[in-house]
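Protein chains: 4
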Amino acid sequence: MIGMHPDFKLKGFSYPLTPKGISSVIQSFPWHYGTEYLNILFRTDPDVVKSFLPEPLELGPDPGLGYVAFSKWWSISDENKDMPLINPERTQYKEAAIWVGCSFRGNPGQICLFVWVDNDFTMARGWFMGFPKKLGQVYITDYHFLNPGMPQKMEGATFKGIASAHGEKLMEGTMTVERKIKQSDLPPIMTAPPYHIRHFPNIESPTAPPSVLELVRLGAENKKVGEEIWEGSGTLKFYESEIEEHFALRPKEILGAYRFSSGYTFPGGEIVYSWV
Amino acid sequence: MIGMHPDFKLKGFSYPLTPKGISSVIQSFPWHYGTEYLNILFRTDPDVVKSFLPEPLELGPDPGLGYVAFSKWWSISDENKDMPLINPERTQYKEAAIWVGCSFRGNPGQICLFVWVDNDFTMARGWFMGFPKKLGQVYITDYHFLNPGMPQKMEGATFKGIASAHGEKLMEGTMTVERKIKQSDLPPIMTAPPYHIRHFPNIESPTAPPSVLELVRLGAENKKVGEEIWEGSGTLKFYESEIEEHFALRPKEILGAYRFSSGYTFPGGEIVYSWV
Amino acid sequence: MIGMHPDFKLKGFSYPLTPKGISSVIQSFPWHYGTEYLNILFRTDPDVVKSFLPEPLELGPDPGLGYVAFSKWWSISDENKDMPLINPERTQYKEAAIWVGCSFRGNPGQICLFVWVDNDFTMARGWFMGFPKKLGQVYITDYHFLNPGMPQKMEGATFKGIASAHGEKLMEGTMTVERKIKQSDLPPIMTAPPYHIRHFPNIESPTAPPSVLELVRLGAENKKVGEEIWEGSGTLKFYESEIEEHFALRPKEILGAYRFSSGYTFPGGEIVYSWV
Amino acid sequence: MIGMHPDFKLKGFSYPLTPKGISSVIQSFPWHYGTEYLNILFRTDPDVVKSFLPEPLELGPDPGLGYVAFSKWWSISDENKDMPLINPERTQYKEAAIWVGCSFRGNPGQICLFVWVDNDFTMARGWFMGFPKKLGQVYITDYHFLNPGMPQKMEGATFKGIASAHGEKLMEGTMTVERKIKQSDLPPIMTAPPYHIRHFPNIESPTAPPSVLELVRLGAENKKVGEEIWEGSGTLKFYESEIEEHFALRPKEILGAYRFSSGYTFPGGEIVYSWV
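From first to last, the protein sequence lines are chains A, B, C and D.
Just so you know, we're using the working numbering here: the first sequence kicks off at 191 and counts up by one.
Just so you know, we're using the working numbering here: the second sequence kicks off at 191 and counts up by one.
Just so you know, we're using the working numbering here: the third sequence kicks off at 191 and counts up by one.
Just so you know, we're using the working numbering here: the fourth sequence kicks off at 191 and counts up by one.
Keep in mind that the hints are not guaranteed to be accurate.
Claimed, not checked - Derived pair list, reagent style EDC-like, types lysine to aspartate or glutamate, alpha-carbon separation capped at 16 Å: (1) D:K350 with D:E368; (2) A:K262 with B:D332; (3) D:K210 with A:E432; (4) A:K199 with D:E245; (5) D:K199 with A:E245; (6) A:K350 with B:D272; (7) D:K262 with C:D332; (8) D:K210 with D:E269; (9) C:K199 with B:E248; (10) A:K201 with D:E404.
Said to hold, decoys possible - For the chain D half of the interface with chain B, some residues (derived, Cβ under 8 Å), not all of them: (11) Q327; (12) Y329; (13) I352; (14) S354; (15) G357; (16) E358; (17) K359.
What the hints contain is simulated information worked out from the structure, not anything from laboratory work.
Note that beta-carbon positions come from the ideal geometry of N, C-alpha and C, so glycine has one too.
Construct the complete structure from the given sequences, taking the supplied hints into account.
Take a look at the structure:
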């Protein structure tokens, strides 16, 4: 199915490539997603954001604006919609991501600069889409409405997201729910098109250009946002790590917090620039 | 707070006991629970069930009846209702359990013979309630209603639960949803009172009687079942393991499958018998 | 085999109790251990240590002395010496523990106040021996002598131990190796007999005395220490947590660091006091 | 440092690319390795092996010959030799791999067709070297010589390796140690040069050729094998999975088992062919 040199008979969207293509850590897009978000909107130093944006990427319309998304995901590939039944473990994961605004040739967008997930298929799929994914643990407050000791309504309820990796806490955010809002009240940065850097290193020489280093605008179809969109106040703290660099983006100001659900289909991306 | 010898000044419901009682792996009951169940009702060999029931426990009113519950839990202790905000990780877990019917002095009940969970606090709390918990991985099909590629209605939807531990699959069950039912249509075994064996081994001699070996009837208050109760057909398979004994209880017949939510408060149990 | 009421026909040293006793999360002692230690010796506030010692436990001969042990374990039960072949996963684990000196009726000893391990069987076994075990992640520097980029000799080599749990770092220690020492040069606290508190909570009332609350002196036979015993300088840092209390014991002074191997057999313990 | 378009100012050998290059999931090669191997040599159907080898890769000199390597790894990047001290977790992992013989233009080699590892940095690094890595759990028998209940000599000792992923066991092998051998007695396939397929999918269209699809011969310097090389008899079993394809390579005959240590430096690879 994949168009390449006729000598290459193995199948699979990604590793491992095999005669039948069954083993691939992730099947081919289109990919369908459903998500529960706990997002904390913040402002950081625009100069720091700028240092993370290689030309031709530029600062976005509101320089220094960003958000952390703690999220739960339900995902499948169009070519294997039975995966939730074959192995549920291959269709659910949690994620914690740092997004900042950017723009490309005048078009505002967003870029994910750090992101931790808790399974291999989503880490791999993320790489193919230019998400710089690493493994981590993500914990998000969740209430069950039949639990007699838990809050029974959203107004006033409090939520926390925690991201940890390699044995240390990396960031933590909280939300106190205040009011229900409309979809149009969501901060535009959260729905701006992602501009991501796809990268695959060279293996011949550590000083040679990467095999892939391209800017891609990720597509989205079938976009839906759930009815329950909540806004509130937030807190957000980044923790230093000797082997992470996200602390440079730590918040200067917290602008709000949002809790909502969404769904979409990823139909593919468009390569808009290549550095190699 | 805990009544014991006045010389004992440490606090905590369980290990680690400390001056302030903060470290305890689980705080004191009452415990509040919310649960999402995927249950497969089955019939196994009554003689095998009998071999798992020490006198004075006896076979239940429908000998050989049992069910496997794949479930997600939201739990808190009454003495620390803020835990979902302090650390969400301490309030959520997944569980896979094998329950069979039993009776005690003419009172029908149920007993959990095997159960795997994915965190320490629930393992420890389970032990205190006579659940024979071990660590494992539990995977349960879940759909997000905004995912464009996932089922949009329950009728006809299929679900799977998987339990694994120490690197091997232990059991797997599926449900095909057929119809909505009323709470009164749920199999009585699923709401019968649990009779559990609390056990804590002797450490002086491997042949001495255990320090604790008592039969307890677990209490339940504030019981609620969610509106959405679904019934359907099921499959269930147990896998052999050199270090597990659950395979002896493998199903002879699958009677149905159930998907529902519930909540309750555990106020404490009553010791109804002691073997030591 | 276990002596108890003849009506109780189930077998197993611990949960789950079953007809054949195969499922037990840990088999009966005697237990055989081999260990690789990275220990940091420190001094903390004696008053804090005292607050962790319920009477009749008292401060040890050197009040405030303690050590953190980052360690790798190889363990088996005498009744199933084939476990390393049946499932290697059931015989290896890592541990990070905080030990302090104590004394009981004039006999010096040590007590483990906090300990994190990375598997269920060792957590359960620890509880039976009065170790207040919780699950955590333990990372310990290790070098492979054939790795061309790693240190080729011990003198000057540096090692780190890290303990994390529920998504946060709890403590971290380092050692710079300086010299080889003899077994008799090891700090006596590291080989003093453990006095531990065995505890199993009551389930009838949160204010009732525990079912088990007893002081036990743990036995040790076949004690061996490997030839390679290294001493050096150390660092040690405890991190605060909202759900841990170990920070109270944080070091005031670091006295040294030790790296060595040992082995022993646990033949059982002796109950020397009961608070209930 | 990395040579690419001057506009691209971010650093790092791999994701995440950042201003300082600290966050990269793995630092640049040269990479230094030390390894403990438990290898089971087997013969499978040559036609099946052939179906895994895209032209110009061909069957090796002994068609159908392969081995499973259960292994523990100690690794560092030359540009950050302090990583074992910064965070030991970033320098140790376990791996289970299926290797088969192959040849390229008359040169015999080996290719890794399936491999499971237990951490993200090694999964990512593997991808860059053409290893089709997925996350899994790997358990390997290990004995500690000071454990009073464990074997005290290698002759006659038995070892097991287990590989599991996504909740199911994938393969299992055992070795009974028989004799010490010389390095020159090791099966040549185990030291033949690896020919791997580097692959990075296209993101614009699922039917477009991959962005990278090239054959690479991996280099090795500073090769060392430890003194203790053991040979014995083995067993090996592959387990079916709905989402893995390794079962097609299941052994027809077990030829032997090997336990040894080795070390080497990876200086880079050479691209010898490209399919796109």
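Results for each hint:
1. Between K350 of chain D and E368 of chain D the alpha-carbon distance is near 15 Å, which keeps this suggested pair within the 16 Å criterion.
2. Distance restraint check for K262 of chain A and D332 of chain B: the Cα-Cα separation of roughly 12 Å lies within the 16 Å cut-off, and the hinted pair is therefore satisfied.
3. This hinted pair checks out: K210 of chain D and E432 of chain A have alpha carbons roughly 12 Å apart, not beyond 16 Å.
4. Note on K199 of chain A and E245 of chain D: the hinted pairing holds, with a Cα-Cα distance of about 8 Å set against a maximum of 16 Å.
5. About 8 Å separates the Cα atoms of K199 of chain D and E245 of chain A, which keeps this hinted pair within 16 Å; it holds.
6. A threshold of 16 Å between alpha carbons decides the hint, and for K350 of chain A with D272 of chain B the separation of about 11 Å falls inside it, so the pair holds.
7. At roughly 12 Å between alpha-carbon atoms, K262 of chain D and D332 of chain C fall within 16 Å of each other, so this suggested pair holds.
8. Annotation: proposed proximity of K210 of chain D to E269 of chain D holds, straight-line Cα distance about 13 Å (limit 16 Å).
9. Taking the CA atoms of K199 of chain C and E248 of chain B, the gap is near 13 Å; set against the 16 Å cutoff, the hint holds.
10. Distance restraint check for K201 of chain A and E404 of chain D: the Cα-Cα separation of roughly 15 Å lies within the 16 Å cut-off, and the hinted pair is therefore satisfied.
11. Evaluation of the Q327 of chain D hint against chain B yields a held restraint, the C-beta minimum of about 5 Å falling below 8 Å.
12. Given the 8 Å rule on beta carbons, the hint for Y329 of chain D holds: about 6 Å separates it from the nearest Cβ of chain B.
13. Here the hint on I352 of chain D is kept, as its CB sits about 5 Å from the closest CB of chain B, short of 8 Å.
14. A hinted interface residue such as S354 of chain D counts as satisfied when its beta carbon comes closer than 8 Å to some beta carbon of chain B; here the least separation is about 4 Å, so the hint holds.
15. Given hint, G357 of chain D at the interface with chain B, holds; its Cβ is 4 Å from that chain's nearest Cβ, closer than 8 Å.
16. Nearest Cβ of chain B to the Cβ of E358 of chain D: about 5 Å, under the 8 Å cut. The hint holds.
17. A hinted interface residue such as K359 of chain D counts as satisfied when its beta carbon comes closer than 8 Å to some beta carbon of chain B; here the least separation is about 5 Å, so the hint holds.
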